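First residue of the sequence shown: -10, per this note's numbering; consecutive thereafter.
Cut-off 27 Å, straight-line C-alpha distance, at most; resulting in silico cross-link-like pairs (DSSO-like, lysine-lysine): (1) 246 to 232; (2) 84 to 3; (3) 204 to 3; (4) 232 to 204.
It should be emphasised that the hints constitute simulated quantities derived from the structure, not laboratory data.
Since we're looking at a predicted model, the values are computed, not measured.
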Amino acid sequence: MREPRHFLWRVDGKVGVITLNRPERKNPLTFESYAELRDFFGHLRNEQSIKAVVITGAGGNFCSGGDVHEIIGPLTKMKLPQLLEFTRMTGDLVKAMRHCPQPVIAAVEGVCAGAGAILAMASDLRYAAPSAKVAFLFVRVGLAGCDMGACAMLPRIIGQGRASELLYTGRSMSAEEGAAWGFFNRVSDRALELSMETANELASGPTLAHAMTKKMLHQEWDVGVDKAIEMEAQAQAELMLTKDFHRAFEAFAAKRKPAFEGD
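Using the sequences plus the hints, can you model the full thing?
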């Protein structure tokens, strides 16, 4: 993959690490970084060597959202077609994160606000440092909470009432609250290390199966239980044809741990 210009990228074995890297401003996003992240997650769909992705921020903060001077200021001067192009582009970033087959893990420290909160929300797993503060603060700039899929996704993660409170008020959710409400999978002083450990564990597992789990978790939001059961029947039958499934049986029969290869 081409080296990104607006964030850092490194590969650790089968795990790719995205680091938002404007620490002096708490890692805000710009028009260019939104677009590059969207395209980057889109390219990950074809990167078979990358089995899991961690996204984090430099300097003790995750992401402060859209840059006030580089994004919000220019938006006030745009007409509707330009504004709609921007809002669709930011939404396409979330779609790209949800449609890439790799599990995405957010390692969240400090400020996680606005679009930064959305990046964490759109990830599959979220680990937080005690310093983490998450704010869907769109209302603070006169906008609705319905940004980049928040009104669809956040209630499914933490519940309708809790999501409504955060989206109406724009207040910060502490790491402790986030863990109690199910937004964070865990709070730890080792948030990044824990994220990497989990990513490596997933990357060494049956990655075709993980990709199918992610796909079904996403697609089954839109269907009833009966249809979901049929979708899962087809998905599992397909995975029963994989070499990893046969490796697992052979390992079980031989009383050893299976070595998955993602095929």
